[in-house]
Amino acid sequence: MSSKRILLVDDEDDIREVAAISMQAVGGWNVAAADSGTDAIAKALSVQPDAILLDVMMPDMDGLTTFGFLQADARTSDIPVILLTAKTQAAERRSFEALGVAGVLSKPFDPMTLAAEVEALLAGHKAPA
Amino acid sequence: MTPDDGASSAIDAIWRSSRGEIGRRISTVEEAVCALRSQRLDDGLRGRALCDAHKLTGALGMFGFTNGSVLSRELEQGLELRGEAAHGAGPQLTALVHTLRREFDARA
Numbered sequence: 001m002s003s004k005r006i007l008l009v010d011d012e013d014d015i016r017e018v019a020a021i022s023m024q025a026v027g028g029w030n031v032a033a034a035d036s037g038t039d040a041i042a043k044a045l046s047v048q049p050d051a052i053l054l055d056v057m058m059p060d061m062d063g064l065t066t067f068g069f070l071q072a073d074a075r076t077s078d079i080p081v082i083l084l085t086a087k088t089q090a091a092e093r094r095s096f097e098a099l100g101v102a103g104v105l106s107k108p109f110d111p112m113t114l115a116a117e118v119e120a121l122l123a124g125h126k127a128p129a
Numbered sequence: 001m002t003p004d005d006g007a008s009s010a011i012d013a014i015w016r017s018s019r020g021e022i023g024r025r026i027s028t029v030e031e032a033v034c035a036l037r038s039q040r041l042d043d044g045l046r047g048r049a050l051c052d053a054h055k056l057t058g059a060l061g062m063f064g065f066t067n068g069s070v071l072s073r074e075l076e077q078g079l080e081l082r083g084e085a086a087h088g089a090g091p092q093l094t095a096l097v098h099t100l101r102r103e104f105d106a107r108a
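As they're listed, the protein sequences go chains X and Y.
Per this note's numbering: the first sequence = residues 1 to 129.
Per this note's numbering: the second sequence = residues 1 to 108.
It is worth saying that the hints were derived from the structure and are not from the lab.
Be careful, since some hints might not be right.
[What the hints assert, rightly or not] Cβ-Cβ distance ranges computed for the label pairs, FRET-style: (1) Arg5/X <-> Ala13/Y: 18 to 28 Å; (2) Ser27/Y <-> Gly28/X: 34 to 44 Å; (3) Arg93/X <-> Asn67/Y: 20 to 30 Å; (4) Gly47/Y <-> Thr65/X: 17 to 27 Å; (5) Arg37/Y <-> Asn30/X: 47 to 57 Å; (6) Ala13/Y <-> Ser77/X: 18 to 28 Å.
Using N, Cα and C, we set each Cβ at its ideal position, and we do this for glycine too.
Could you put together the complete structure from these sequences and hints?
Here's what the structure looks like:
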């Protein structure tokens with residue numbers, strides 16, 4: 001079992017709670033959660049997670065803007081970010097991947113396999129030099 | 001009890017506590033489809049329905065209601081249509097939202 005920390009970011013309570021159960025109970029991760037982009041940036045700095053699972057569509061500050069802020073700060077720029085999106089268009093997903101994220105996962109996710117999918121993406125992700 | 005059993009029970013509890021909000025979101029989509037069919041769908045209601053359909057798409061499948069996510073995605077795409085295309089899609093969107101409501105009520 002992993003003892004790594006993941007920061008879950010989603011404005012939807014139910015999705016955040018299910019993802020937390022998936023990562024914690026099924027995957028053995030320690031979990032921190034944020035309900036907005038602003039909260040995510042603050043928690044990324046204070047928690048220093050090993051990975052961030054970041055919803056794309058959020059009010060006020062969306063996931064892509066949040067990712068930009070995380071990348072721009074040397075204290076958080078090396079943390080791998082996996083985007084979570086309900087968008088299915090291939091071109092849009094490719095544009096997300098081109099940003100340098102560790103991966104893109106689809107909503108709805110399967111709670112029983114989410115942790116394994118996250119770990120597979122992180123294993124295949126090369127940290128920036 | 002395995003970790004998976006514990007997770008399933010906890011997720012069932014979240015489903016039970018989320019049903020009211022999910023039902024409200026389906027109602028918004030129903031209202032928008034009804035307005036679309038009578039050609040009185042304004043941008044405010046369209047925007048709320050698109051947002052709620054998108055949230056339903058992202059959430060229902062993780063509770064095992066996979067077809068709910070599929071139906072919600074089709075509704076979201078349909079509600080993005082404008083003009084004649086939107087009006088022409090009315091009967092299909094009505095059928096989709098009726099199916100979504102029926103399947104949700106059967107689970108709720």
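Against the structure, the hints come out as follows:
1. Arg5/X <-> Ala13/Y: 18 to 28 Å: holds, 24 Å
2. Ser27/Y <-> Gly28/X: 34 to 44 Å: At 39 Å between Cβs, range holds.
3. Arg93/X <-> Asn67/Y: 20 to 30 Å: holds, 23 Å
4. Gly47/Y <-> Thr65/X: 17 to 27 Å: The hinted range 17 to 27 Å holds for Gly47/Y and Thr65/X, with Cβ atoms some 20 Å apart.
5. Arg37/Y <-> Asn30/X: 47 to 57 Å: With a Cβ separation near 50 Å, Arg37/Y and Asn30/X satisfy 47 to 57 Å, so the hint holds.
6. Ala13/Y <-> Ser77/X: 18 to 28 Å: Since Ala13/Y and Ser77/X have Cβ atoms about 37 Å apart, the given range 18 to 28 Å is violated.
Checked against the numbered hints given earlier, the structure breaks only hint 6 and satisfies all the rest.
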